[in-house]
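Visitor: These protein sequence lines are chains A and B, in that order. Just so it is clear: in the first sequence, position 264 is 264 by my numbering, and no numbers are missing. Just so it is clear: in the second sequence, position 240 is 240 by my numbering, and no numbers are missing.
Since the hints were made in silico from the structure, they are not lab data. Beta carbons: idealized from backbone N, C-alpha and C, even for Gly. One or more hints might be untrue.
As the list claims (entries may be wrong) - Here are some, though not all, of the chain B residues that point toward chain A, as calculated from beta-carbon distances under 7 Å:
| # | residue |
| --- | --- |
| 1 | 48 |
| 2 | 451 |
| 3 | 452 |
| 4 | 455 |
| 5 | 464 |
| 6 | 473 |
| 7 | 479 |
| 8 | 480 |
What the hints assert, rightly or not - Within a straight-line C-alpha distance of at most 27 Å, the following computed BS3-like cross-link-like pairs (lysine-lysine) qualify:
| # | chain 1 | residue 1 | chain 2 | residue 2 |
| --- | --- | --- | --- | --- |
| 9 | B | 23 | A | 235 |
| 10 | A | 57 | B | 419 |
| 11 | B | 23 | B | 377 |
| 12 | A | 57 | B | 377 |
Unchecked claim - Per the computed footprint, the stretches of chain A lying under chain B, defined by three or more beta-carbons under 8 Å from a beta-carbon of chain B, are:
| # | segment |
| --- | --- |
| 13 | 242-250 |
| 14 | 271-284 |
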Amino acid sequence: MTRIAVLKTYKLFIGGAFPRTESGRYYKIQNKANETIANVGLSSRKDFRNAVVAVRKAQDAWQGRAAFNKSQIIYRIAEILEGRKVQFVEELISQGSTKASAEKEVQMSIDRCVYYSGWCDKYQAIYSSVNPVATSHFNFSVPEPMGVVSIIASDETSLLGFISALLPCIVGGNTCIVLASSSKPLSAITFAEVLATSDVPAGIINILTGKEKELHTHFSNHMDVNAVVYCRTDKAIWKTIAQNASLNIKRSFWWNKDWAKSESENPYLIMDLQEIKTTWHPIENIGVSGAKY
Amino acid sequence: MAKKIKEQVQPFTWSYAPALESKDHIQLKQQYELFINGRFVKPNSGKYFDTINPSTEQVIAKVADANPKDVDSAMMAAKNAYDKTWSKISAKERGKYIFRIARIIQERAREFAVIESIDGGKPIRESRDIDIPLAANHFFYYAGWADKLQYAFPNQQIKPHGVAAQIIPWNFPLLMAAWKIAPALATGNTVVLKPAETTPLTAMKLAEVMQEADLPPGVVNIISGQKATGAAMVQHPIPNKIAFTGSTAVGKWIQNEIAGTDKKLSLELGGKGANIIFADAALDQAIEGIINGIFFNQGHVCCAGSRLFVQESVADIVVKKLKQRMETLIIGDPLDKQTDIGAINSKVQLDKINHYIKLGIKEEASMYQSSCALPSKGFFCKPTLFMHTSQSHRIVQEEIFGPVLAIQTFRTIEEVIEKANNIPYGLSAGVWTDKGSKIFNLTQKLKAGVVWANTFNKFDPASPFGGYKESGFGREGGVHGLAAYLQQF
Numbered sequence: 001m002t003r004i005a006v007l008k009t010y011k012l013f014i015g016g017a018f019p020r021t022e023s024g025r026y027y028k029i030q031n032k033a034n035e036t037i038a039n040v041g042l043s044s045r046k047d048f049r050n051a052v053v054a055v056r057k058a059q060d061a062w063q064g065r066a067a068f069n070k071s072q073i074i075y076r077i078a079e080i081l082e083g084r085k086v087q088f089v090e091e092l093i094s095q096g097s098t099k100a101s102a103e104k105e106v107q108m109s110i111d112r113c114v115y116y117s118g119w120c121d122k123y124q125a126i127y128s129s130v131n132p133v134a135t136s137h138f139n140f141s142v143p144e145p146m147g148v149v150s151i152i153a154s155d156e157t158s159l160l161g162f163i164s165a166l167l168p169c170i171v172g173g174n175t176c177i178v179l180a181s182s183s184k185p186l187s188a189i190t191f192a193e194v195l196a197t198s199d200v201p202a203g204i205i206n207i208l209t210g211k212e213k214e215l216h217t218h219f220s221n222h223m224d225v226n227a228v229v230y231c232r233t234d235k236a237i238w239k240t241i242a243q244n245a246s247l248n249i250k251r252s253f254w255w256n257k258d259w260a261k262s263e264s265e266n267p268y269l270i271m272d273l274q275e276i277k278t279t280w281h282p283i284e285n286i287g288v289s290g291a292k293y
Numbered sequence: 001m002a003k004k005i006k007e008q009v010q011p012f013t014w015s016y017a018p019a020l021e022s023k024d025h026i027q028l029k030q031q032y033e034l035f036i037n038g039r040f041v042k043p044n045s046g047k048y049f050d051t052i053n054p055s056t057e058q059v060i061a062k063v064a065d066a067n068p069k070d071v072d073s074a075m076m077a078a079k080n081a082y083d084k085t086w087s088k089i090s091a092k093e094r095g096k097y098i099f100r101i102a103r104i105i106q107e108r109a110r111e112f113a114v115i116e117s118i119d120g121g122k123p124i125r126e127s128r129d130i131d132i133p134l135a136a137n138h139f140f141y142y143a144g145w146a147d148k149l150q151y152a153f154p155n156q157q158i159k160p161h162g163v164a165a166q167i168i169p170w171n172f173p174l175l176m177a178a179w180k181i182a183p184a185l186a187t188g189n190t191v192v193l194k195p196a197e198t199t200p201l202t203a204m205k206l207a208e209v210m211q212e213a214d215l216p217p218g219v220v221n222i223i224s225g226q227k228a229t230g231a232a233m234v235q236h237p238i239p240n241k242i243a244f245t246g247s248t249a250v251g252k253w254i255q256n257e258i259a260g261t262d263k264k265l266s267l268e269l270g271g272k273g274a275n276i277i278f279a280d281a282a283l284d285q286a287i288e289g290i291i292n293g294i295f296f297n298q299g300h301v302c303c304a305g306s307r308l309f310v311q312e313s314v315a316d317i318v319v320k321k322l323k324q325r326m327e328t329l330i331i332g333d334p335l336d337k338q339t340d341i342g343a344i345n346s347k348v349q350l351d352k353i354n355h356y357i358k359l360g361i362k363e364e365a366s367m368y369q370s371s372c373a374l375p376s377k378g379f380f381c382k383p384t385l386f387m388h389t390s391q392s393h394r395i396v397q398e399e400i401f402g403p404v405l406a407i408q409t410f411r412t413i414e415e416v417i418e419k420a421n422n423i424p425y426g427l428s429a430g431v432w433t434d435k436g437s438k439i440f441n442l443t444q445k446l447k448a449g450v451v452w453a454n455t456f457n458k459f460d461p462a463s464p465f466g467g468y469k470e471s472g473f474g475r476e477g478g479v480h481g482l483a484a485y486l487q488q489f
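Whole structure, please, built from the sequences with the hints as guidance.
Guide: Okay, structure coming up:
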């Protein structure tokens, strides 16, 4: 007699917990043979708003972590992901990937974590400046996170596009709410299990599943969101997002990229989600005769 | 302008003889046309509007009012100049043109300073020592970047946007023109710039400088106009880049208007800067900083320190010293070299400020105004303090853009950070304390693009400027100011 397999319930990931969607609604994810492999939650406006509350609470602490510590936390994601490679490959195959492409996608995703882990304590040095002002002041400019970022991740891949958009965001000290791929959402939720068992603080990455047409308005018009990133291809939806962004001068970005390309990982994506802060302080100027040697 | 000091606040009285800056050497025409394709041309609209001296309410000159057809010809000229000349000449030569512009402004600095004070109402001391030198320096600074851009963008390909449409405000007319035009030209863009309707004259004089520098026709086009002119520029299909400095409301309109297009945007919008005084600060120095923070340029400064937070234990002494210092401020003729506070830029702005002053009284904050006499003509406003304000007061939450300071007190660092950040704006902040570690604690936590520690309202071409949150995005000045004018890929 064959054993009955235990099916997994895919829920949302908000504030470090796995709640069901408040909406109570779901949609079916099917494999190539048209068999249902999962019922996935259709997130609502309320879910998004709950996620914003959770993420805002987490923002200051994450931003305040030492850059070196962030680096280790991101690297830890890569370690845990590496250990669960097989599970992710299987899940990608169940969502329609070939074995070869699934393996490649998982490997690239892990390597991308390693890549961005290294940036955590380096981009600041490259994109900061000490500014030689003409008056007697010490003046410097440093990048700082924008804050809460809402991301509509690529629909095309289940894991790689999702990871590639959220990493430059959190590496820069931001926190986020990410809409997983709508057609292939499973790996994003499984990735939440990786986050929950690594050292990533609760609340800094929140994951919703559902339809972009239902959620893009909420992702872009919430007044406590600082930036919105759109990674899909619908021009009309992008336009609405960019319009809604103007409600509170939200920064909006269209990352319409092929995430499998190596040039799609770079520090300029981190910098997209950074503000530049400039600080001035007077330099005492009593002895004008210069340094004495 | 002589002034008297109220006896009960300070026990002594003095007055000054006027020390007027001469107007003899300045050259102004009766009427200004549009500067398009290197020439001054009459507007297609056939319409002109008056620009007046806000300290006398007299008409200075008539200025052309550009309509959408005028905007179109300016855009075509800029596009043509980009395609045929500006994108073809070497970066080195491009830089040399910008150096020339800087030098000519330096040579004609006093003329520009006087016109700036006549047209905008700001004290000659400020236009002479701050606005005009900084404008020249901005061109000089960015001129040197023209042939070094690649060093600022490691591992990136860069390209100019093409035509940049730039709209600037009335508080620093020539300086804002320089902040916009200098980086745009250095990065290889051509420009259509619209000065504010109340302060078009130094921009039109800048057009003369462009001619004098022999800049190829169409590289810089300057068109005066009103709201509709700015809207037509934003909606025009040619510019790939829009740069705007002005109110948050207009900034939101622009962001919404160009949403979904390929146009890139940078916005430098309103502010409500927190100026934070700790008990351990050098108080006399801090008082100067507070005065400078709110009364510099009549308070018409987007980064003004218009919210003062004083630590409770020194609140009484700080307020007392502030009142004393306010009594010594000289309000009057902008062309008098002794004037500290000149004329409010326009009737509209004066009405807005007075509206907020009434609102503050209505909301039961306690008001103090300097006892100075105001000139009988022109738009003037007394330096004003509001004490006993709270976060919910509208004079605390909204940008007044005038010489009005709202004072609150605080006890702990946590409390003041919370209060300072609890506002939609995030342009500037000031911190006054003797303790370095406290400065860095605050400068890290204040959500503002520029933080002045033990100083305030300092600007430099090498120093990036711009806001967080609803104060806009993108930076002007410094190496970071280049990014707003380049495509990166």
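Visitor: For each hint, tell me whether it holds in the structure or not.
Guide: Verification of the hints:
Proximity of residue 48 (chain B) to chain A is violated relative to the hint, the smallest CB-CB distance being about 33 Å (cut-off 7 Å). Checking residue 451 (chain B) against chain A: minimum C-beta separation of about 5 Å stays under 7 Å; hint holds. With a least beta-carbon distance of about 5 Å to chain A, the hint placing residue 452 (chain B) at the interface is held under the 7 Å criterion. Hint on residue 455 (chain B) holds. Least Cβ distance to chain A is approximately 5 Å, under the 7 Å limit.
Hint status for residue 464 (chain B): holds, given a least beta-carbon distance of 5 Å to chain A, under 7 Å. At a threshold of 7 Å, the smallest CB-CB gap from residue 473 (chain B) to chain A is about 6 Å, leaving the interface hint in force. Because the beta carbon of residue 479 (chain B) sits about 5 Å from the nearest beta carbon in chain A, less than 7 Å, this interface hint is met. The interface hint given for residue 480 (chain B) is met, as the beta carbon of that residue sits about 5 Å from the closest beta carbon of chain A, less than 7 Å.
Distance hint between residue 23 (chain B) and residue 235 (chain A) is unfulfilled; the C-alpha atoms sit about 56 Å from each other, more than 27 Å. Between residue 57 (chain A) and residue 419 (chain B) the CA atoms are separated by roughly 17 Å; this keeps the pair inside 27 Å, and the hint holds. For the given pair, residue 23 (chain B) sits about 19 Å from residue 377 (chain B) by alpha-carbon distance, which is consistent with the 27 Å threshold. For the suggested pair residue 57 (chain A) and residue 377 (chain B), the alpha carbons sit about 54 Å apart, so the restraint of at most 27 Å is broken.
A count of 7 residues in the segment 242-250 of chain A with a Cβ less than 8 Å from any Cβ of chain B is obtained; the coverage claim is therefore met, three being the minimum. For the segment 271-284 of chain A, the assignment as covered by chain B holds, since 8 residues bring a beta-carbon within under 8 Å of that chain's beta-carbons and 3 suffice.
Comparing the model with each earlier hint shows violations of hints 1, 9, 12; every other hint is respected.
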